[in-house]
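Novice: Heads up: the sequence lines are chains A and B, in that order.
Residue 3 is where the first sequence starts when you use my numbering, and the numbers rise one by one after that.
Residue 1327 is where the second sequence starts when you use my numbering, and the numbers rise one by one after that.
Hints listed in this document are in silico derivations from the structure and should not be mistaken for laboratory results.
Accuracy of the hints is not assured; some may be wrong.
[As the list claims (entries may be wrong)] Some but not every residue of chain B turned toward chain A, in silico, with C-beta under 10 Å:
hint : residue
1    : 1341
2    : 1346
3    : 1354
4    : 1355
5    : 1356
6    : 1446
7    : 1496
8    : 1499
9    : 1515
Where is the CB? At the ideal position from N, CA and C, for every residue including glycine.
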Amino acid sequence: MTAKPMTGIRESVDRQIGVIAAAVKQGLAYRFEFFTAILGSLLTMTLVYFLWTAIYNNATSMAMSYQALITYVCLGQAFSFARPGQRYIFIRIGFGIRSGNVLLDLVRPMDYQLLIYCETFGAYLLETLLVSLPAYVLALFLFRINLPPSPEAAIGFGISILGAFFLVSSIDFLIGLMAFWTMDIWGVIWGLGYVKIAVLDILAGTIIPLTLLPDWLQAIAAILPFRSMAYTPLAIYVGEITGRAIWMNILNQFAWGIGLVLLTRLIWLKARHRIEIQGG
Amino acid sequence: MLYYADLYLTYFRLTWKARSQYRVSFAITLVCSIVGTGAQLAFLTLIFANVRQFEGWSFDEMLLIWGLMVTATHLANSLLDIPHRISSYVQGGNLDRLLVRPPTPLFQIAGEGGITLQALSRVMIGVAAILTALVTLQDKLPWWTVFYLPLMVISGMLIMFSVQLILACLTFWFVNTFSLMQTIGWINQFGQYPVTILTLPLRFLLTWVLPYAMMGFYPAAFLLHGGEYRLYGLLAPLMGFFLFGLSLLVWRVSVRRYQSTGS
């Protein structure tokens, strides 16, 4: 491993911002992708809208009002919590290892994990602005979803989407690190990515509000970190979580965020010793 | 015919060898795709934790729709996993290589890629779902279900393949169609639920334009609720073969437009 030169905090922050900006610029080169992403977001929204309308109409009693339910599930598709950085991190790490390009990243005057997180943050920022927000605005008109019931809910939602970023990208980074052991990207990494989305859809509450799960599953979901990735921001937005509970939930979310970042840090420190550069 | 069978066997042996290089990762992939499909099934049961009947459909009836959908979709994705690969052949200029060889190019793409095993493991889950549903529903089903369902699975597979192939042919006109293909591929998920929950334009789309509803919903509705679904139920087995022919025609026209990248 190369020794990292000591740099001042100021310089380090400048570098981070530089990397984020570069990721944003890189993302902007694929404008057509954003267009299809909005289209995809609207399609899945349409599906969950009709699905949950039918479920609501067939249910005898439900713990949520119809408006809140529809707002929750449509918003869950607009801000696709399970996906940020998925493409980005997996391709970056996996392809870097396959091609040996990871070496170039390791000799940069910036920590590898920090580099990946910064780049992902840029991609996430861009996706939020160019895909999630337009999809959200369209959902307001097409599906008549609710606006946040209070300014508190709106602010809490904003903060907790940011908090979700650290959780989701830590999990993506962890999956990406698998490539250091398996040396195979497509099979394992995409396979685990698929499992991740499947798990998050249910345990994070992306496609089903956690309050509608059977009690035993709610109890499991309550102790896992996944709920902070989608349920927390969504439930704050629709007013399922209110008042003081908003801030308690956000605190809990950030605690998990820090915990997961530290955990991935430890695993990364182990993984980097395993590196074998192929070809070159 | 014998020539093609022999050739496919050779291709199969080659892809198998290449794949056995990564045995552990292959096992992980297999487990992953089973877990992923299991989660979809879990979602179906979670719906029924909130409702007793879904638009007049019981859990087992919905399971039959889901099973048909999953089986047909992933049969196409494993045995006929061709459309997703076309754009990379076109962009890399590798289609030249296929065009100058005697076997038909689509066959060569299928052979070079091999059977996608992850998808095949999902087929097994789909078949298990169909069988589970059939055991519970057996008294409600007519005797010819045994002939109708296998035919429907084949037709469903061809519907899935043909829609993908037609979309993939756009790659001869536009540069990057992969993300569009994936997005339109998602509409496939609408087919897992009774189309009666959708508005009329969407129902029309899923019946006649991207006929995913013909893969699971209409056949199941025809078997279980008969009467009003007879027309669609009888049309569904033909739809796959009709679209298959159409997609091959589109492919033939499109491939004539191909201009090599010249590199």
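Novice: If a hint holds in the structure, say so; if it doesn't, say that too.
Specialist: Now the hints, each set against the structure:
1. 1341: 13 Å, violated
2. 1346: Residue 1346 of chain B check fails; min Cβ-Cβ to chain A is 12 Å, beyond 10 Å.
3. 1354: 5 Å, holds
4. 1355: Residue 1355 of chain B check passes; min Cβ-Cβ to chain A is 4 Å, inside 10 Å.
5. 1356: 8 Å, holds
6. 1446: 14 Å, violated
7. 1496: Since the shortest Cβ distance to chain A is 12 Å, the answer is violated.
8. 1499: Because about 14 Å separates residue 1499 of chain B from the closest Cβ in chain A, which is outside the 10 Å limit, the hint is violated.
9. 1515: Residue 1515 of chain B check passes; min Cβ-Cβ to chain A is 6 Å, inside 10 Å.
Consistency with the previously given hints fails for numbers 1, 2, 6, 7, 8, ordered from lowest to highest.
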